[in-house]
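Chemist: So the protein sequences, as listed, match chains A and B. The first sequence begins at 1 in this note's numbering and counts up by one. The second sequence begins at 731 in this note's numbering and counts up by one.
Please note that a few of the clues may not be correct.
What the hints assert, rightly or not - Computed spacing ranges between beta-carbons, pair by pair:
hint	chain 1	residue 1	chain 2	residue 2	range
1	B	765	A	329	22 to 30 angstroms
2	B	886	A	233	53 to 61 angstroms
3	B	821	A	233	39 to 47 angstroms
4	B	825	A	431	42 to 50 angstroms
Said to hold, decoys possible - Stretch-level coverage of chain A by chain B, calculated; a stretch enters the list once three of its residues show a Cβ under 8 angstroms from a Cβ in chain B:
hint	stretch
5	143 to 154
6	161 to 171
7	393 to 402
8	567 to 573
Hints in this document: simulated from the structure, not taken from any laboratory. These figures come from a predicted structure and were not determined experimentally. C-beta: ideal position from N, C-alpha, C; glycine also.
Listed below are the residues making up each chain.
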Amino acid sequence: MTSPMDRGPSSAPPLLLTSLASAGLGDGRGDLECVRESRGAPTEWGGVYAQLVRLTGPWRIELALGDAHTDLPSCRQEAGEFPGGWTSRHRWNDLDVVQVVAASPQPPGVVRELFLRSGSDREVSVVLTSRFSPYLFPVLVEGIRPVELVAETLPDSLSIRHLGFALRASSTVGSDRTLRDGRPWLGDKYHGPMDEIATVHTVRLAPGKTAEIRWQICGGLGRDLEASLSEVGVRARPAKDVAALRASDDLRWTASTPELHFPDAPELEAGYRSARAGLRRLYSAPDASMVGLVAGYPWYSAIWSRDLAVMLPALLWLGDFDWVARSLRSVFRFQSRRNVELLAGEPGELPMQLAPGPIFLYGTSDSTLRFPAVVEQMHRHTGDLTAVRDWAGSVHRIVEWGVARTDLATGLLRHGGEAEEIGLATAGLARIRYGIDSPDTTIWDSADRREHALDVQVLWWETLRSAARLLGHATDPDRGSTCEARAARLITTIRAKYLWPEQEYLYDSLRDGAPVARVRPNALRAVSAGFFDPGTARGVVRRAARADLTTEWGVRSLSADDPGYDPGAYHEGQVWTIATAWAAEAAFYAGDPDAGVGLLRTIVHRYEAEGGLANECYRGDRPEAFNSCYLLGFSVAPFLSLLFERLWGIYVDGVERSVRIVPRFPDRWTSASIRHLRVVDGYLDLSWSPGRLVVRWIGNGPLTVDVGSGPRSVPAREETALELPRPPET
Amino acid sequence: MADLRVSSVLRLATEAVGLGWDFGLETLEALAWVARTVQASVYISDSLVRTDKGFRFALANPPLRIGAFSSLRVLVEGVPIPPEQVRVRLTPAGPWKVSSEFGTEHPLELQAGSGIEFDTDWPIEAKSGPVRIRLELQNIAIPPLVWMEFRETPREIPTP
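Could you put together the complete structure from these sequences and hints?
Modeler: What follows is the structure in structure tokens.
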């Protein structure tokens, strides 16, 4: 038997099983163990996660017959996912073993089941050892594994706790003995460090009969675990039943989302299905009051607000209005009402990260600014204004937070220093202090982009514009007008200060009043926001497409010609799929759909190469994932949104019961269609051919549709053909 | 320092009341779990010991970040110890390495639960009271420096 650290990282796509409240991570070789390069070094991420708490490290099962023994990876014959779960077949010493694994939402955890059958003509006894390393800490601070655990055996399970976090391990076959750190343990209460727990079980196999054994490790917050177990019991349900429930939920969810057809680009269709399935895996409802999507796996398996805000627009296009509304409520529930220096919170600010407990902290410059536009978009897609006053109030608190960070002379939002503030606030408190000298907290948070990064200004403008619209709906015109005036002033400033004529590009930031002349893809956000005339927009897009920034596998976080470029540095040269999506969006905006579709294809090629997962980032000098979560919402959600917003060119204004549709398909395309696009209180089917759009609206009353030639009323339950105007020459 | 500590504690108390009022007492409890774990799970309390040549101490987990580190510095009262005078090993039984050996090609690799022992040739005065030790680590994939600091009175090496 070889440990996974010795075996090294698997070249196969990792195993990722998720439920709404748990996850099981493995390498697909037979156990829940998974070595991945992380931050430059191999790291073990396998095990069980529940309620955004890492319950265990690697979880392995060994088999013994007499003196011979093996582990599941060593005797694996085949393995693969099935709807809702994963299964593997093993053969060893005349023994056939089928394993089924599934992630369970209630109680949150993972169920593993073995079906064993012997080829012997007499009864044999198989000894099975289940080993795991307890962790019991949220994946909040990377690299911390608690050193103080409390363990005891209960009549029906093994209990391990660390402060308020807890796990229970149980099996359907009682254990002959338990080992703690390799030594026999009677199960009396133990308090102290613990590397490994193992339970040993004997299963007797009668000739020709199949025997089974099922383990479950579940947990999260101790108080929630007890409530969950008192409701459903400790005994695990069969893994196939758990998987079937997940599969049924997934099927229902998928059926409620739109179907897209691109006969001229079938790879984009496949990319859509892949990204949609990836996003679904990130759905998370870790406790009764917290809903969202985790940022990614393996090490961003928490609800990060920045990532959530990037994902929610895609959910609106997929029609999951309810999940968006619940996610927004989960985040806004923790909108800071006062200065909380220890958590770096300021009045109006939204948390950077959320986990059950509730555990949350603030302290980024951009997370908060991403939400007003999502709130506004939710109102546009649903057309529901019943709670708009409350939402407008919350969004206006964000405006006030932003105004407090605004440079009076320029109207530009100032960022940086957030992490330093936490350090200062805690300076006198703790005997042991920690820190990361990260002076800035934008989306490229390991890069110093102070004081006025252009993409942060775009977010500030989107905040002001969204607030103005929401305040308008909430009949608060005075504050709405103020926001509009601030937004207009901001555009003027950006146009005056960020143009970089020598590069035909846009400066990355301003510091001490001087431009920061670095070529980063973040500047493309200002193009997509529509701040610049078409000529300038096309020039910026062309500049971004040059080889120093754009590679065959995506767009770099910094130009390779920059003196600070490092192909292995997270935000100083690595390729990010989200940056590729930014470039695609800007290309569509600038009137270059061929370039836009080309960049979307680049993203799809990564999905294909990664077996349906979507890496966070790649080295800047070769198409190799490095320091990268293997599934990140950033890498799937923007791609999904782009298909609707930019390729199809759809803008929904449900408040006015209207939709604008200006497709931007490449010239040679002959057809495209969408079925079951949720809008307001109904669904749209769209069928495009050159010069013509057929609309079928299934809703209450007519819908106004504008294809660029003026609004047109489309009656419900009828097909309406609309002639498309010729696109303007660009 | 004492003034700073008192004012920090007062601010903590004030902010805690505010957080509890705004988001419920469960919030305070849960945030305390995280703070207590981070405080207790990295530096091994009382592991700072004077030795014949210098001092040694130990960590039970990496400070804040995992991964590959191309450099490691230890500072005493703000003074950096030359890297050839610092040795490091992963517990329980890794080989000792001199910190000057670390670089991009030969980084120090740390993951969750990696215990680390430090041994230095940097004498600190006997019975001098608490000493401020600072560690600085440079990750190869994420540029910003990671640091931790603790202040403790070193124990004398037990005589056999």
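Chemist: For this structure, which hints from the list above don't hold up?
Modeler: 4 and 7
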